[in-house]
Structures are given as structure tokens and as C-alpha cells.
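S.K.: Sequence:
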Amino acid sequence: MSKAPTFTFMPLGGVGEIGMNLALYGYGSGKGRRFIMIDCGVSFAGPDLPGIDLITPDISYIEKRRDKLDGIVITHAHEDHIGALLTLWPHLQAPVYISAFAQALLEAKNPSDQVFHAIDFQRFEPRAPFSVGDFTLTAVPVSHSIPESHSLMIEAGDRRVVHTGDWKLDAEPIIGEPTSLADFKAFRDAGPVDAVMGDSTNAMRDGESPTEAEVGKALAKVINEAEQRICVTLFSSNMARIKSILDAARDAGRTVVLAGRALQRVIGVGVDLGILTDLPPIEDMRSFDRIARNKALILLTGSQGEERAALSRTAEHDHPHLSLTRGDTVVFSSRIIPGNERGVLRIMNKLAATGIKIITDADAPIHVSGHPRRGELVHLYSALKPTTVVPVHGEARHMNAHAKLAKEHGYGATIVNDGDILEIRADGAEIVDGIEQGFYVKDGNLLTLPGDSGVYERRTLADVGVITIALGLSAAGKLVSDIEVIVDGLPDQLDDEDADSYVLTATSQALRALPMARRRDVDAVSESLRKSVRGKVREAWGKRPVVHVHALLIDKGAT
Numbered sequence: 001m002s003k004a005p006t007f008t009f010m011p012l013g014g015v016g017e018i019g020m021n022l023a024l025y026g027y028g029s030g031k032g033r034r035f036i037m038i039d040c041g042v043s044f045a046g047p048d049l050p051g052i053d054l055i056t057p058d059i060s061y062i063e064k065r066r067d068k069l070d071g072i073v074i075t076h077a078h079e080d081h082i083g084a085l086l087t088l089w090p091h092l093q094a095p096v097y098i099s100a101f102a103q104a105l106l107e108a109k110n111p112s113d114q115v116f117h118a119i120d121f122q123r124f125e126p127r128a129p130f131s132v133g134d135f136t137l138t139a140v141p142v143s144h145s146i147p148e149s150h151s152l153m154i155e156a157g158d159r160r161v162v163h164t165g166d167w168k169l170d171a172e173p174i175i176g177e178p179t180s181l182a183d184f185k186a187f188r189d190a191g192p193v194d195a196v197m198g199d200s201t202n203a204m205r206d207g208e209s210p211t212e213a214e215v216g217k218a219l220a221k222v223i224n225e226a227e228q229r230i231c232v233t234l235f236s237s238n239m240a241r242i243k244s245i246l247d248a249a250r251d252a253g254r255t256v257v258l259a260g261r262a263l264q265r266v267i268g269v270g271v272d273l274g275i276l277t278d279l280p281p282i283e284d285m286r287s288f289d290r291i292a293r294n295k296a297l298i299l300l301t302g303s304q305g306e307e308r309a310a311l312s313r314t315a316e317h318d319h320p321h322l323s324l325t326r327g328d329t330v331v332f333s334s335r336i337i338p339g340n341e342r343g344v345l346r347i348m349n350k351l352a353a354t355g356i357k358i359i360t361d362a363d364a365p366i367h368v369s370g371h372p373r374r375g376e377l378v379h380l381y382s383a384l385k386p387t388t389v390v391p392v393h394g395e396a397r398h399m400n401a402h403a404k405l406a407k408e409h410g411y412g413a414t415i416v417n418d419g420d421i422l423e424i425r426a427d428g429a430e431i432v433d434g435i436e437q438g439f440y441v442k443d444g445n446l447l448t449l450p451g452d453s454g455v456y457e458r459r460t461l462a463d464v465g466v467i468t469i470a471l472g473l474s475a476a477g478k479l480v481s482d483i484e485v486i487v488d489g490l491p492d493q494l495d496d497e498d499a500d501s502y503v504l505t506a507t508s509q510a511l512r513a514l515p516m517a518r519r520r521d522v523d524a525v526s527e528s529l530r531k532s533v534r535g536k537v538r539e540a541w542g543k544r545p546v547v548h549v550h551a552l553l554i555d556k557g558a559t
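Residue numbers for the sequence shown follow the working numbering, so the first one is 1 and each next one is one higher.
Please keep in mind that the hints were generated in silico from the structure rather than gathered at the bench.
Note that this is a predicted model, so its numbers are computed, not measured.
A couple of the hints might just be wrong.
Unchecked claim - Under the rule of at most 27 Å between Cα atoms (straight-line distance), these lysine-lysine pairs were calculated in the BS3-like manner:
id, residue 1, residue 2
1, 221, 350
2, 221, 357
3, 3, 68
4, 217, 295
5, 3, 64
6, 478, 536
Throw the hints in and build the complete structure from the sequences for me.
M.R.: In C-alpha cells, the structure reads:
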């Protein structure tokens, strides 16, 4: 007798962390279970992963079952929801269901990418149900900080859930439709809602978010009052914010200078799709010097302290086209993502030292998050009346706060981790199975597990440096070549001696201390010298460098 089909939710990324969002929904029983994937995002590596470009979810679970993956659905075009698609799609090769804006932005970023052109893109329309395998989905427009963001109503068998994606309530979103609680209520009126997989990013913040229109008015005031050049840095994907700034520049009679490829791409897509209209004059960076100081507005990337972004290079006086002087203003219309504080403060200090005025959201209401605060979450619960709430899109503290809030208002709540398999039932949800879930790293052209990438060894090398020693020995154990030493990443001086000389001396002393009989085994010599030199350097420096010794048998006939 076959088992009854069940409905499961399995996050592979984006739970217990900000970024790297990827979730699987499954329906069926046993080996007949079919899947859809929601989003395919990246995270960005910090200093703990040197040399790594991007981090993606580990998709090995669904890759082994890719013949059962009926489609990938993208909720919106932020990198933490779409940024891994071109990297991971060749391992999955399922149709991709996507909005017009998300597809256009992906193409603008990767115009000649062979993977992009190989994907079977399927366009969905707001509020129009579409089928992906055994699932019926309806994409509902919601307010967020990028156009065409959607929550997904998902149905399979008797189960009905809402995957909120990134959203907030905003009566005046500048671009796109406001989130309509009526859409969620209509879904609830059609039948019980078993679960909500909900955005937890701002679950620790009370109240409700200000509107994007309020931010636009505050920015217009700041821009209008600036006496000289004004720079505005922001998240390049925030089209509503970009529109507010461009409108304010036009009304203030300022010419806009764009700095940063990401901004150029987003604005280009916005113009092509008719989202951005009635623009002020926009000039290339090379026209910067020809614009009067009180008529220039520079819109630039680098709000998170990225070292090679336009803002950082301008603050360091290292930009080939842009420069700021005393009396100019820099506006940070963004929040600092946790982990980026040091880079942002470095830039602010450089700007302040030049006599440049800095304005952040601590000085004026010039930024608002695209995620719901606690009051907005409660409004969503009231519209949907779900049996259970499953917090996603947040670190553990955000998810715990979200779960607690749901319980306080009479709803069930279930905390999951990446790799958990959650069965959604009419009376609640239960973790029934799971896998050990990790992540991949994009290292140049390679996609691999971090342990296979060499990144942990790189981190060690960055901490303590490396010493390479090469020497030749005869079969009798006599030194028959010069000892060659290369020192990288160590202090120039050790015990008041040049580091190269110090290591050379330590190597020679260690070799002389070895009995001649032992010196006939080049492997034993290499290991003995490695330990000895590492110990001597530690005495002088206090740290243990990586030491490589290559003792080579050069003259087997020497005696």
C-alpha cells in the first residue's frame, strides 16, 4: 500500500544567516516526491575566506535528484536571491520562472554569458496562478527595495503555504504596487493557510517602517540644501531610492554623474522597462570636472566600504575622474550590513579628514529597510491566520524573535535550520528528517567545498607567512649546493637580523646538528629542518610560520 503524499519544506540556505537564500518544496511520497526551488542566492565572503569571490548553498541534495526538480522560481532580483543562479544552474538545468525585471537585470549583468542563454526562462505575471509540476503558485506583488518583488502563494495537494520572500508594508513605495494585505486575506478566504515561511530580518524592531516616499522627501531636502557638490551612495539595486534621488537632482537643477557599473546597469534596465522616466541630465564620470560644484550630484557605489568601489577610491584620492574637496557633502542612503562596519568607518574618517560633510540616517530619515518590522509581521499574521509560522531569512536571533512574536499572537512557530526537512500538515509542522548542509565557495572559475578550495590554508598563510627552504645533499649526506631561502609574510627583522639571514643561519645550524647517518635520508632531513627552523623563528617572533623544506638528493655517487 503506497504512502500518502506529504508536503515538505527544506531550506538549503538563508536560514540562520542573512543571504544565500535557497529553499526546496517537495510534494509526493518516497521516490516519487517532486520538487520546486525558490530562489538561488549568494553571500559575499568576509576576511575569514581570503580569495573567495562568492558563497553559494550546497545543492548536492537536489543535484542528485535533479530529474525530480520541476522548476526554479525567483522571487526578486537581489543578489542574495538570484546571484547564484548562473553558477548553479548547469548542475540543475530546470526551467526558471522569473519576472521581467529580474530577467532583464540578470541579462544586463551577464550579456554574453552562455549559461544565461541556455536557461529556459518562463515569465510569470502577478496574481496569475501558474503550475510547476504538482505545485500551483501565485506571485503577489509586495513592496521591497527592488522592483517586481513577490510573495508566493504555494499549493500542492491539500497543503497551502505562503513564502513571503522579502517584503514590507509601504503605502507610498515610489515604484511598484504597495503590499496589499487584501491579497493575503483573499488567499486565506479560499482555504486554511498551513504555514508562512516569513522574512525575519527586522523581527527585532518594533513598530512599522517609514515609507519610501518619506525617505524621498528627506533626500530632496538634503540635496536642495547642499551648497557644493553632493555625493549619494546607496545599494545599487534600490530603484525607488534611485528614482527619488534623480527626481530631486532634476528639481534642484543638478546634473547627475554616475560612478559604478552596477548603478549604470540598474538605471539602464529601469529606463528600458519604462520604470525610470523624466530623468535629469546624466553624465559620464569623465565630464565631472566640467560641471559647476553647486550643480553636480554624484551617484556612486561603495556604501558598504568596498575597497575598490567608487566611493572608497574617491575618499582615498585614488579615483581617475572623481574628487571631493572641503565643503562637499556625502550622503549614505543605506544601512551598514553587519561585518562591514570597519570599511565604512574607514571611508567616513577619510572623508571627514578632508573636511567633507557626512550625512547618515542618524542625521536625517534618508534610509529605510525593505523588510517588515514587528508591527508589519502582525498585520500579515492577521490577514493569513496561519497554523504555523516558519521564520526564515535571518540570523538565529532574528528567527527566535520572529517565532516568539508569532507565539505571542496565538500562532504556532517552528524554528528550522539549513538542511532540515519540515513536513507541513494541517495541524502544524514537524522536522522529520534532515541532511548535513554546508556551502560552496566560488574561487575564481572553480566551484567547490571550502575544505577543497585551499582557503583555510590561505588563511593560515595570511596569519603567519611562509618560509621555503631548498638544499641539495649527496647520498652520503653532505651538503652539495647552496641553501636557498625564501621568506614571505614575516617581519623584515628577527632578533635584529635580516629575516632571510636569520632563517639561513637557523637552517645551517640545524643541518650541522644532524648526525651524518641521518642526513642520508632526505625526507628525515626535510622534516627535522622544518621543525627546527619553525621553532627558532617562534623564539624570535612569537609565531609559528608555515615552513616548507625541500632536501633533494643531487649526487648519488658523492661520498
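S.K.: Next, verify each hint and record whether it holds.
M.R.: Going through the hints against the structure:
With a C-alpha separation of about 25 Å, the suggested pairing of residue 221 with residue 350 holds against the 27 Å cut-off. Taking the CA atoms of residue 221 and residue 357, the gap is near 15 Å; set against the 27 Å cutoff, the hint holds. Between the alpha carbons of residue 3 and residue 68 the distance comes to roughly 18 Å, so the proposed pair stays at or under 27 Å and holds. A distance of roughly 19 Å separates the Cα atoms of residue 217 and residue 295; the hinted pair therefore holds under the 27 Å criterion.
The straight-line distance between the Cα atoms of residue 3 and residue 64 is roughly 23 Å, inside the 27 Å bound, and the hint therefore holds. The suggested pairing of residue 478 with residue 536 holds, with an alpha-carbon distance near 23 Å, which does not exceed 27 Å.
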